[in-house]
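Start from the sequences and build out the full structure, keeping to the hints where you can.
Read top to bottom, the protein sequences are chains A and B. All the letters of the first sequence, read from the start, carry residue numbers 1 to 383 under this note's numbering. All the letters of the second sequence, read from the start, carry residue numbers 384 to 679 under this note's numbering.
Just so you know, these hints were derived from the structure itself, not from any lab. Some clues are possibly wrong.
[Claimed, not checked] Covered by chain B, according to a simulated footprint, are these stretches of chain A (three or more residues, beta-carbon under 8 Å): (1) 28-35; (2) 55-61; (3) 195-207; (4) 211-225; (5) 253-265; (6) 313-325; (7) 361-369.
[What the hints assert, rightly or not] From chain A, some residues computed to sit far from chain B (all C-beta separations above 12 Å): (8) Val97; (9) Trp142; (10) Gly143; (11) Ile148; (12) Leu165; (13) Phe348.
Backbone N, C-alpha and C fix where the C-beta goes; we use that ideal spot for every residue, glycine too.
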Amino acid sequence: MQRIPAKPVPALARQAAAGGGGGSSGGPGRAREALNGVLMAAPAVLLLLAFLITPFLLAFGMAFTNQRLISPNPTAYVGARNFTHLLTLRPLLLDPVLDPDSGRVVRDEAGAPTYPALRTLTRNNPDFPHLAGLRELASWQWGERRLILLASDVVFMRALGNTLLFVLVVAPTQATLALLLALLINQPLRGVNVFRTIYFMPVVISLVVVSLLWRFIYSPGGLLNSILGWLSFGAFSPVDWLGNPSTALGAIMAMSIWQGVGFHMVIWLSGLQTIPGVLYEAAEVAGANAWQKFRFVTWPGLRNTAVLVLVVITMQAFALFTQIDVMTRGGPRDATQSIVFQAVQRGFERQDIAGGSAISVVLFLLVLSVSLLQRYVTRERVR
Amino acid sequence: MTVARVVRSRRQRRNAALVRYLLLTVVALVFIFPLVFMVVSSLKPDLQLLRDIASLRAFLPVGDISFDNYLKAFERAPIGRFVFNSVFVTGSTVVLGLFFNSLAGFAFAKLRWRGRALVLSIIIATLIVPFESIAVPLLMLVNRLPWIGPGGFSIGWLNTYHVQIVPFIADALSIFLFVQFFKDLPDEMIEAARIDGASWWQVYTKVIVPLSGPVFATAAILKFLAMYNMYLWPLMVAQGETYRPVMVGLQYFFQLNIAWGEVMAYLSLITVPVLVFYLFLQRAFIESIAATGVKG
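As structure tokens, this is what we get:
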């Protein structure tokens, strides 16, 4: 985009005008200018107030109620109940069952210790009131004992875990690949713009279209399996990428990276193009090799771009929804649940506005704290 | 330098370039193969389509090629209606958005009024609120809003065009882009126009807008992509087929046994026009994305 250089003159002109230079810029002129400013900004500002800020505040308000989309009962304040339901996690260490006569651990046929059934503890057990209604989220073996993580909202916890994993994998991978592509494209080669155009293509396609297309490509008899078959000369046995809990989230991550990497390549490219060529010439004169040029010229020049890319990717990754809705709807066995998918499931499909709002608030606070953290970390490095 | 050395270094350079082109091409294949597969598959009957996946024929328009899938897709779903809805919703939002956001951008960048810095910083702060986190409360809000239209007075905006347009006219990113661009326009021109007796409205229409083609193009492209590709919101608010845009219309093709040929036809139909548009204007598209980066 074209930029017009800085302008010391207008500032002076402005001061002169403000100093009562007469003419059209006097007292009534200032008042008219202010009135015009307010009137011109008003439509957009009011629209943002109504459709962005109001729902944002409503989310916070309704998260503390039992609001439903349509309900015969009046809305009531319920305190932090929605949040405690979403976020309660308790570890539990279970001792193996002991034989009452011998005092030895009771073992099953395979020799593994047996444990008391969880539901005897979580259902109507007066000795463990804090466990009431909780369900098993995950468990680990700890010697003879068993460590169990209990949650009151197992599906939401899986959604939270999957989304965090998605962000942790997609953000660095996509940012790195995008940078590599940008470096590849940023060479003085003929026809390089053709490649830039191709790499960017998936970005202009709707995520819905991309997701449905890849759902077909990932299917057991699909294109990915046959390509892997050709590349391995038939040694590869087909996988149901989206139907298998251990590959589904990974498959969605790979597709998301494929779709969005061109977007961030372009942002990196615009960062690369702000680095003056003189610096590279100087580095060359000093005898720097390609890696040294990247390390000491390119990378320092990309610091601001890096912060931006990271913040934008993280926000996009936290908003994971369309891929899930089109490809797996949270399955198989909750392996691809995501925060936004759960918010929509509850707030829209089950019309539980309060539950959906509470999830929205959790999402917003997550995004906010992560982006503040990113800013803090990157600011420290500059010092 | 001897002739032999010159020849060798030239050859080395040519080899290095060849390696780079090879790398660029392999990467390009990764990005392009699903799209070729989509368009080619849309021309094949389902049986052949599934059989061809096993070989390179998946990428070649060979065998029984026809537009049957397109005809069948049109029979299955009111595609014309969906396309009209998408074009209408996207078009109105882009046009109204360009107008109101640029007007606000002008007011923030060039006019002096109390509170403008504060309001602008609040607007920019909202950039970190993901739309997904306000979708559910927004749904409840629009469900209770009144509307006066040709059909009279009504409560609740669900299943209408305006529920897909009005909330998205103003957006913080567009305002931000306009403010950044307008700030760089020289104040002298505005002063001169004012001294000649132009009103602020005339300054906007006669001075600012004619000079700001690039930023209008950027904002229009970003808004077009966001609106045309929108999925979550129309999924929630446009339940009947009357107001559905193309992206939500896809659900007509989620049957128990998905007819993939028809799905690929529908996907091609709603994607290829955008791709063609992009290929013609690729510089403008890419620069508009870059613009969101440089200014951040």
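Now the hints, each set against the structure:
1. 28-35: holds (count 5)
2. 55-61: holds (count 4)
3. 195-207: As far as the segment 195-207 of chain A goes, the hint holds, because 13 residues have Cβ atoms under 8 Å from chain B.
4. 211-225: holds (count 8)
5. 253-265: Result for this restraint: holds, n = 3.
6. 313-325: holds (count 6)
7. 361-369: It holds: at least three residues are needed, and the segment 361-369 of chain A offers 5 whose Cβ sits within less than 8 Å of chain B.
8. Val97: It holds; Val97 of chain A is separated from chain B by about 45 Å at its closest Cβ, greater than 12 Å.
9. Trp142: holds (38 Å)
10. Gly143: At about 43 Å from chain B, Gly143 of chain A clears the 12 Å cut-off, so the statement holds.
11. Ile148: The claim stands: Ile148 of chain A keeps its Cβ more than 12 Å from every Cβ of chain B (closest is about 32 Å).
12. Leu165: The assertion about Leu165 of chain A holds, with a minimum of 18 Å to chain B.
13. Phe348: violated (5 Å)
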